[in-house]
Amino acid sequence: MRIGELAASTGVPTKTIRYYEEIGVLPSPERAANGYRTYGQAAIERLLFVRDARTTGLSLTEISSILSLRDQGESTCNHVLGLLETHLNEIDSHIESLSKTRQQLASLTKRARRLNPSDCNDPHRCQTIAETGIMPTRHRSGAKHLHTAPSAHKHN
Numbered sequence: 001m002r003i004g005e006l007a008a009s010t011g012v013p014t015k016t017i018r019y020y021e022e023i024g025v026l027p028s029p030e031r032a033a034n035g036y037r038t039y040g041q042a043a044i045e046r047l048l049f050v051r052d053a054r055t056t057g058l059s060l061t062e063i064s065s066i067l068s069l070r071d072q073g074e075s076t077c078n079h080v081l082g083l084l085e086t087h088l089n090e091i092d093s094h095i096e097s098l099s100k101t102r103q104q105l106a107s108l109t110k111r112a113r114r115l116n117p118s119d120c121n122d123p124h125r126c127q128t129i130a131e132t133g134i135m136p137t138r139h140r141s142g143a144k145h146l147h148t149a150p151s152a153h154k155h156n
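Residue numbers (our numbering): 1 to 156.
Because the hints were derived from the structure by calculation, they are not lab data. Among the clues, some could well be false.
What the hints assert, rightly or not - In silico EDC-like pairs for lysine to aspartate or glutamate, Cα to Cα no more than 20 Å straight-line:
id, residue 1, residue 2
1, K15, D52
2, K100, E90
3, K15, E45
4, K100, D119
5, K15, E5
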């Protein structure tokens, strides 16, 4: 089968298939006399595996490591388990961080509702944000998180 047929069979675009070949996730296919790539059932199975693994959040590097073990005839189960556990821990950590951020935003919203808009006399500084003592920070993931700023006085 040619690359267009492989793409149609797997739902993976031809450009992606070529990229996977380039980085070694998909082995280079046989070439017909006319130079066209020709693929067999193994390419379909491999691409479906890669597609499904990507939906779990695994990177192409991680997927490549799984495929390398499989290509060497080794069991991949323990390796996959380790990768999935790592991703699960990262997601749990992210959820915890997002939950804290959500709590802080809910508190900020509650405070903002109590502020009197007529007291806002500085058009360059939002009273809602300025009086909270909460400042955004960036974490390794690039997501914004909030923390309470150190303060010399309490805000009511």
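Hints and how they fare:
1. A C-alpha spacing of about 18 Å is found between K15 and D52, which places the hinted pair at or below 20 Å, so the restraint holds.
2. For the proposed pair K100 and E90, the alpha carbon gap of about 16 Å is at most 20 Å, so the pair holds.
3. At most 20 Å may separate the alpha-carbon atoms for a hinted pair to count; K15 and E45 meet this at roughly 18 Å.
4. Between K100 and D119 the alpha-carbon distance is near 29 Å, which puts this suggested pair outside the 20 Å criterion.
5. A threshold of 20 Å between alpha carbons decides the hint, and for K15 with E5 the separation of about 13 Å falls inside it, so the pair holds.
Hint 4 from the list above is the single one not met by this structure.
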